[in-house]
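S.K.: Start from the sequences, fold in the hints, and give me the full structure.
Heads up: the sequence lines are chains W and C, in that order. Take the first sequence: its letter number 193 is residue 193 in the UniProt record's numbering, and every next letter is one higher. Take the second sequence: its letter number 256 is residue 256 in the UniProt record's numbering, and every next letter is one higher.
Please note that a few of the clues may not be correct.
[Said to hold, decoys possible] Covered by chain C, per the in silico footprint, the following chain W stretches (three or more residues, Cβ under 8 angstroms):
1. 9-16
2. 72-79
[To be verified] BS3-like, lysine-lysine: derived pairs with alpha carbons at most 30 angstroms apart:
3. C/K136 - W/K76
4. W/K15 - C/K75
5. C/K136 - C/K273
6. C/K147 - C/K210
7. W/K148 - W/K15
8. W/K76 - W/K225
9. C/K273 - C/K174
10. C/K292 - C/K282
11. C/K75 - W/K148
12. W/K76 - C/K75
13. W/K225 - C/K75
14. C/K147 - C/K214
15. C/K75 - W/K19
16. C/K147 - C/K206
Hints in this document: simulated from the structure, not taken from any laboratory. C-beta: ideal position from N, C-alpha, C; glycine also.
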Amino acid sequence: MRIQRISAIFEKDLKDFMKNMMVALLPVTPVLMTLFFNQSGNGGLPVIMHYLIVGITFSVVTSGSIMTILAEENEKHTLRGLIQSPATLWDIIIGKSLVTGLVTVLSLAVSLFIVGIEPFLNFKIIMGIILLFLFFLLLGIGVGLFAKSVASTSAYLMIVMILFGFTPMITLLGIGEGSVIMNIIDMFPLMQVIEMHSAGTWAPLGVLTLWTAASGMFTFVCFQKVMTDD
Amino acid sequence: MAHFTVNQEDAFHDTLPLFSLTVEDSHAAAVHGDSDTQTAVQHVLCIHNGLSVFDHQEGFYTRLTVEDNVSFYHKWYGCRVPLPEILVQFDLQSCAGQTLQQCSVSDMRRIYFAKCYMSGGRAMVFREPVHGVDIKTMNTFLNMLHKLKEEAVPVLVLVSNMEHAILLGDAAYKLNPNGLQEVETQEETSSEPEHTGAPAAANLFKIPAKVGDKVILFDPPEIDYIESRDGKAVIVINEESYTMDSTLAEAEKKLEVYGFYRCHRSYIVNLQKVREIITWSKNAYSLRMDNKMQSTIPLSRTKLQDIQDKFSLR
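M.R.: Written out as structure tokens, the structure reads:
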């Protein structure tokens, strides 16, 4: 029964995803940006740019689409009558996450093939990227649960994008290397993956796990709030 | 069996009297009440009885086709009836390929009925299910009620139109601040003593009705129909209604000669203004009036033959 409900949501949302121009164009964005970067970089792109592409993909495609499709259900009252218990809301979230995951993997794969996927084929890095994906997914679910309309998600998405997706760009603003802001920014999830790539230590994976756990807590709190509101 | 109760603790609704209504399995009860009363009843049923009320506030996936929508709900609720059968049952096969943006109000309502049916609750409450829909959709709803009866699901229908209440419910009730009263829909077993000879009021050409302190006189041909409300006969002309000083039985006697006919225990129609005899499935009948509202008046099963004779239909 549970699997059946999840697959019902998965099929429905996949169809809806294709027909909704607003989200259907999201996975195209990182691919286009990768093409631009690749053209301007004349072949060899620095590592930081590779991870910027990963950040853009996860923030725009993963967080963006799941928060939009969840908020749309909220806005149009389509979930009324479907949710009888917290368990059924989880089925909906899982079904939607599967759609988002599928789209993200496609978009990320195409982008990384353009710039060259070899630097990422490493167990540690793949682990890091999976954790990063979960972080952005959970963040998107949390926002999608409390956002009451699709329009408001674009504001939240902006924050997620600039803070977590474009973190490497912030370092280019020219803030002093040893300053407090830089130290904080260096702890951000995307920066941790970059550090893991360059230093090759395990410690960033731990920090990343903490970020993902925090994002999971945020989702859980939003979930509880939604269930008690009704 | 389902109990619908309004207890003392719900008394914060000023509009709602205390009542208890038991609907047995495979029965449909219709409750007539205005919009405020319905909202209050719905609130109580949701909070205290934990029932979901189908009030068509829910949205659908408008970008998807009718079939995609129905198949999603079909899978979600794990409905055992095959999908093609559901589409045919709710008369959706002709618009199955359309997206919901292209669908009419009546089409949307049938999709909604399909969703309600597939959700398979233990007791169902519908609010204004057939308000503003076409005849096809009305028939679909009656068929669904019949199916639900076969599955022994008790159904409660909240409507603000007495004609709908009588048509949809096995038992019809009227809910007002004084309490819940059953509307008698059974025929009188012993008909009133037949008056003999010419009707007494053959010399009467006007029908009086009161509005405030004024008395208005109506020509019988302009009256659409007369219904019984709280024991008083009420004249209905287009959207206006006027209370008469007499009972329905007295009005019937006076108006018989002008081509009026008692088609139901609570209704007298002007036969000149009947446009259509509608046959619903499962032996239910209505008369459609030729007025602005296109009102449908219930027609008793036993009176069908009589009215067919009057119109020389047999």
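S.K.: Please go over all the hints and tell whether each is borne out by the structure.
M.R.: Each hint, compared with the structure:
1. 9-16: Coverage by chain C holds for the segment 9-16 of chain W (5 residues, Cβ < 8 angstroms).
2. 72-79: It holds: at least three residues are needed, and the segment 72-79 of chain W offers 3 whose Cβ sits within less than 8 angstroms of chain C.
3. C/K136 - W/K76: With Cα atoms ~27 angstroms apart, C/K136 and W/K76 stay inside 30 angstroms; holds.
4. W/K15 - C/K75: 15 angstroms, holds
5. C/K136 - C/K273: OK: C/K136 and C/K273 at ~23 angstroms, within 30 angstroms.
6. C/K147 - C/K210: 45 angstroms, violated
7. W/K148 - W/K15: 23 angstroms, holds
8. W/K76 - W/K225: Holds - the C-alpha atoms of W/K225 and W/K76 are around 19 angstroms apart, at most 30 angstroms.
9. C/K273 - C/K174: Holds, at about 27 angstroms.
10. C/K292 - C/K282: 28 angstroms, holds
11. C/K75 - W/K148: 27 angstroms, holds
12. W/K76 - C/K75: Given that 30 angstroms is the threshold and the Cα spacing comes to 21 angstroms, the pair holds.
13. W/K225 - C/K75: 28 angstroms, holds
14. C/K147 - C/K214: Answer violated: C/K147 to C/K214 is near 50 angstroms, above 30 angstroms.
15. C/K75 - W/K19: 21 angstroms, holds
16. C/K147 - C/K206: 47 angstroms, violated
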